[in-house]
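*Asks:* Position chain E relative to chain U; hints supplied.
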Amino acid sequence: MFEGLRAKLHRIQEGLSQSIESASDKESVPPAEHQAEKEKGVTIIGKVKVLITDREFLINEKDIREPLSELEMVLLENDVALPVTEEIISHIRKDLTGSRRKIGEPVDAIVAAALRDALLDVLGEGFDLVSYIKSHDRPVKILFTGVNGTGKTTTVAKVGSYLKKNGFSVVIGAGDTFRAGALEQIDVHAKRLGIKIIQHQAGGDPSAVLYDTVQYAEAHHIDAVLADTAGRFHNRVNLMNQLDKIRRVMKPDLIVYVDEAVAGNDAVVRAHEFEKAVGADAVVLTKADMDPKGGAAISIAHTIGKPLMFLGTGQGYDDLTPFSPDQVVGDLLSEEAQ
Amino acid sequence: MIDRLGTSLKDALKKLAGKTVIDRAAVEELIKDLQRALLQADVNVKLVMQLSQAIKNRSLEEEPPKGMSVREHVLRIVYQELVKLVGASGEVKLEPQRILMAGLQGSGKTTTTAKLARYFQRKGLKTAVICADTFRPGAYDQLSTLCAKINIPCYGNPGEKDARLIVKEGLGTLGNAEVVIVDTQGRHALEEDLIQEIIDLNVLTKATHRWLVIDAALGQQARDQAKRFHDAISIDGVIITKMDGTAKGGGALSAVTETQSGIVFIGSGETIEDLERFEPDSFISRLLGMGDLKALVERAQETVTEGEIDVNAMMRGKFTLRDMYKQLEALNKMGPLKQIMSMIPLGNVEVPGEVYDVTSAKMARYRYIMDSMTGTELDDPSVLSSSRIQRIASGSGSSPEEVRELIKYYKNMKRALKGVRGAGGKFNMQRMMKRFGGM
Numbered sequence: 001m002f003e004g005l006r007a008k009l010h011r012i013q014e015g016l017s018q019s020i021e022s023a024s025d026k027e028s029v030p031p032a033e034h035q036a037e038k039e040k041g042v043t044i045i046g047k048v049k050v051l052i053t054d055r056e057f058l059i060n061e062k063d064i065r066e067p068l069s070e071l072e073m074v075l076l077e078n079d080v081a082l083p084v085t086e087e088i089i090s091h092i093r094k095d096l097t098g099s100r101r102k103i104g105e106p107v108d109a110i111v112a113a114a115l116r117d118a119l120l121d122v123l124g125e126g127f128d129l130v131s132y133i134k135s136h137d138r139p140v141k142i143l144f145t146g147v148n149g150t151g152k153t154t155t156v157a158k159v160g161s162y163l164k165k166n167g168f169s170v171v172i173g174a175g176d177t178f179r180a181g182a183l184e185q186i187d188v189h190a191k192r193l194g195i196k197i198i199q200h201q202a203g204g205d206p207s208a209v210l211y212d213t214v215q216y217a218e219a220h221h222i223d224a225v226l227a228d229t230a231g232r233f234h235n236r237v238n239l240m241n242q243l244d245k246i247r248r249v250m251k252p253d254l255i256v257y258v259d260e261a262v263a264g265n266d267a268v269v270r271a272h273e274f275e276k277a278v279g280a281d282a283v284v285l286t287k288a289d290m291d292p293k294g295g296a297a298i299s300i301a302h303t304i305g306k307p308l309m310f311l312g313t314g315q316g317y318d319d320l321t322p323f324s325p326d327q328v329v330g331d332l333l334s335e336e337a338q
Numbered sequence: 001m002i003d004r005l006g007t008s009l010k011d012a013l014k015k016l017a018g019k020t021v022i023d024r025a026a027v028e029e030l031i032k033d034l035q036r037a038l039l040q041a042d043v044n045v046k047l048v049m050q051l052s053q054a055i056k057n058r059s060l061e062e063e064p065p066k067g068m069s070v071r072e073h074v075l076r077i078v079y080q081e082l083v084k085l086v087g088a089s090g091e092v093k094l095e096p097q098r099i100l101m102a103g104l105q106g107s108g109k110t111t112t113t114a115k116l117a118r119y120f121q122r123k124g125l126k127t128a129v130i131c132a133d134t135f136r137p138g139a140y141d142q143l144s145t146l147c148a149k150i151n152i153p154c155y156g157n158p159g160e161k162d163a164r165l166i167v168k169e170g171l172g173t174l175g176n177a178e179v180v181i182v183d184t185q186g187r188h189a190l191e192e193d194l195i196q197e198i199i200d201l202n203v204l205t206k207a208t209h210r211w212l213v214i215d216a217a218l219g220q221q222a223r224d225q226a227k228r229f230h231d232a233i234s235i236d237g238v239i240i241t242k243m244d245g246t247a248k249g250g251g252a253l254s255a256v257t258e259t260q261s262g263i264v265f266i267g268s269g270e271t272i273e274d275l276e277r278f279e280p281d282s283f284i285s286r287l288l289g290m291g292d293l294k295a296l297v298e299r300a301q302e303t304v305t306e307g308e309i310d311v312n313a314m315m316r317g318k319f320t321l322r323d324m325y326k327q328l329e330a331l332n333k334m335g336p337l338k339q340i341m342s343m344i345p346l347g348n349v350e351v352p353g354e355v356y357d358v359t360s361a362k363m364a365r366y367r368y369i370m371d372s373m374t375g376t377e378l379d380d381p382s383v384l385s386s387s388r389i390q391r392i393a394s395g396s397g398s399s400p401e402e403v404r405e406l407i408k409y410y411k412n413m414k415r416a417l418k419g420v421r422g423a424g425g426k427f428n429m430q431r432m433m434k435r436f437g438g439m
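Just so you know, the sequences run in chain order U and E. Per the working numbering, the very first residue in the first sequence carries number 1; after that it's consecutive. Per the working numbering, the very first residue in the second sequence carries number 1; after that it's consecutive.
Just chain U, with the same shape it has in the complex (with noise of 0.2 Å):
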């Protein structure tokens, strides 16, 4: 994922630097001895002064303007979400305008600032689970949410995975009581595993199964505790509801979203509903090997503003990434894109 991004930024970023560095060309050194007044925004006159006094050149909106629009498309196209890209774009801009380059400074670095600050400040950090679990009480108990179809089970079964490498005791608390056949495969999966799990029959009351877990894993001194739930929309009461009564009943430490990197602009509503709803304190974004763009990793860490724990890339129980944003970033800005 993120690589047709990558490729796209190392475009803009060029546009960016050239337009720049014609701009500051095309800057002329008149006489003038008006000490300016104030300088309000970008004037002329606070050009001039800056260039005078302190031989540095002041980035202008309009030298940027058609790069910043390439790469709000750009943005656009890679699945980041309408307002999210304007964020990014409007930061990009306040950053870039009216801040003072010196003559003869790469026109590439401030840019290359610009955008990774963008960046980092829309990922925020990255959450490690191994160094929470050891830090806290346990059991820790993570309690995992999202919509329907988004990969809840196969993360669970995953970061169980995760865990039991790490040297963690685990025990899955199965709570999609809803869906036909989510017993079986979260089962399926434990066995796998070599995993305790928890469950009670089809149709039962999910806050007792995972409450059950949460006793089992109190009684066994089990390190950590992972609460599988059945996927709901945001916008159905009732279910939203029976959410927020597990919660209260488990009383998880961690509550983990879970959505889709393939999502587009719904993801935004829908982790703004679940954290408004519930909370969220980390999530994990599926399926991530199936884009190969990532914009959407890039609205959902913005919008719930929680840190992005893992990335799921594909079927087996390892293909679970742990999300670094420096790595990320830094992924997207290199030099040897592509």
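These are computed hints drawn from the structure, not numbers from a lab. Bear in mind that the values here come from a model prediction, so they are computed numbers and not experimental data. We treat Cβ as the ideally placed atom computed from N, Cα and C, and that holds for glycine. Hints may contain errors.
[Claimed, not checked] Derived DEER-like restraints, expressed as beta-carbon distance ranges:
| no. | chain 1 | residue 1 | chain 2 | residue 2 | range |
| --- | --- | --- | --- | --- | --- |
| 1 | U | Lys196 | E | Thr271 | 27 to 37 Å |
| 2 | U | Lys191 | E | Glu160 | 41 to 51 Å |
| 3 | E | Met49 | U | Ser169 | 47 to 57 Å |
| 4 | U | Ile89 | E | Asp231 | 50 to 60 Å |
[Said to hold, decoys possible] Listed next, the in silico DSSO-like pairs over lysine-lysine satisfying Cα-Cα at most 30 Å (straight line):
| no. | chain 1 | residue 1 | chain 2 | residue 2 |
| --- | --- | --- | --- | --- |
| 5 | E | Lys32 | U | Lys62 |
| 6 | E | Lys206 | E | Lys227 |
| 7 | E | Lys93 | U | Lys62 |
| 8 | U | Lys94 | E | Lys46 |
| 9 | E | Lys411 | U | Lys276 |
| 10 | U | Lys196 | U | Lys251 |
| 11 | E | Lys206 | E | Lys56 |
| 12 | U | Lys245 | E | Lys32 |
| 13 | E | Lys84 | E | Lys126 |
| 14 | E | Lys93 | E | Lys168 |
| 15 | E | Lys149 | E | Lys161 |
| 16 | E | Lys32 | U | Lys94 |
| 17 | E | Lys149 | E | Lys227 |
| 18 | U | Lys191 | E | Lys46 |
| 19 | U | Lys251 | E | Lys32 |
| 20 | E | Lys161 | U | Lys164 |
*Replies:* Just chain E, lined up with the frame of chain U:
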């Protein structure tokens, strides 16, 4: 957020009203708002750009026909171009056929398979399904549980790892079924071996139709994914699922364009009956965040027997407790209130949130309370005095507070519907669509 977009689109349209010549600036503003609305709905960026260019050119070049105002002229072009973009509904024949389901992981293939089986079963065709998902644990249990509920034979073998073998055996076992639907495991464009598997399944089943299941929330990825599926097995229909959420399904349009096919069905809920035939008009309305009355009326006609609910009376603002009673009765068949309300062109009217937040348990209670009212009270709720409320409360085994709550609910509802009527007078997308539908 999306409602706000719908509003700004309407504002832009308003600016065109009353103009006698085409105003370039106003058209450009309208197009900009339209672009925003479509991008928000996940329509492919390139498609949006093509569409807006076409609308712009036509609006500025074509002479409005005599007697048609500038706004109507531009609206007509917008509508025509959108219809072109959305395409006609894909054909569904009620005859013996084999359908191969394809799609990404978690797009809702298995649920849709069961819903489709139900659809063909209701149309009187002998239907059976095969579960060819050999990968996801519980897939067979899911499909067979769903099918058992509606008495549809379901063939599968959780122990067998080769989907081709299962399908071969399944086709033999279910030989006498008229419609056979083959559910497959989720796969995506970059998984070569799985793409090969579905090519093999297509050859093996000699499928009459190959339908691609697309999640309404799917973003710009839809185009690439659909292209790969189309190259592999030439998709001839698209099903959009999860339209009961807030996603607009614009991603599916790229799939339609890419596969040169049409949308056949829309999945809009978790129960087995929640499958609708695709209607371009109502889809466009949802895409733009403007309601669609046609879908509501049609839906009401299909599931509610005549005379049970009078939508037109409701729209005229003549809304009594009796109407509300009928509405509550019909509610189970018509789906949640919010879904119905979302199909009414509400214009700029804000419907108070509490109107929706009524649980089914409460709905039932409301009905008991209304059962204890007299005919006069039902027809004219303004007569409800506190002594009457007391009587109704003890008659229905509820408290006066609950009766008052019901009255409050009724008033909210009435106000909301009144708003609909007011908005409809000024500008009505539906009227426009009806008018141009015939052209």
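*Asks:* A separate judgement is required for each hint: does it hold in the structure or not?
*Replies:* We went through each hint and held it up to the structure:
1. U:Lys196 to E:Thr271: 27 to 37 Å: With a Cβ separation near 33 Å, Lys196 of chain U and Thr271 of chain E satisfy 27 to 37 Å, so the hint holds.
2. U:Lys191 to E:Glu160: 41 to 51 Å: Given about 19 Å between the Cβ atoms, the range is violated.
3. E:Met49 to U:Ser169: 47 to 57 Å: holds, 54 Å
4. U:Ile89 to E:Asp231: 50 to 60 Å: violated, 35 Å
5. E:Lys32 to U:Lys62: The given pair, whose Cα atoms are some 21 Å apart, holds under the 30 Å limit.
6. E:Lys206 to E:Lys227: holds, 21 Å
7. E:Lys93 to U:Lys62: violated, 58 Å
8. U:Lys94 to E:Lys46: holds, 28 Å
9. E:Lys411 to U:Lys276: holds, 28 Å
10. U:Lys196 to U:Lys251: holds, 20 Å
11. E:Lys206 to E:Lys56: violated, 45 Å
12. U:Lys245 to E:Lys32: With Cα atoms ~44 Å apart, Lys245 of chain U and Lys32 of chain E exceed 30 Å; violated.
13. E:Lys84 to E:Lys126: violated, 35 Å
14. E:Lys93 to E:Lys168: holds, 24 Å
15. E:Lys149 to E:Lys161: holds, 26 Å
16. E:Lys32 to U:Lys94: holds, 23 Å
17. E:Lys149 to E:Lys227: violated, 35 Å
18. U:Lys191 to E:Lys46: Cα-Cα ~47 Å, so violated.
19. U:Lys251 to E:Lys32: The given pair, whose Cα atoms are some 47 Å apart, is violated under the 30 Å limit.
20. E:Lys161 to U:Lys164: Judged against 30 Å, a Cα distance of about 27 Å means the pair holds.
When held up to the earlier numbered hints, the structure conflicts with 2, 4, 7, 11, 12, 13, 17, 18 and 19 and fits the remainder.
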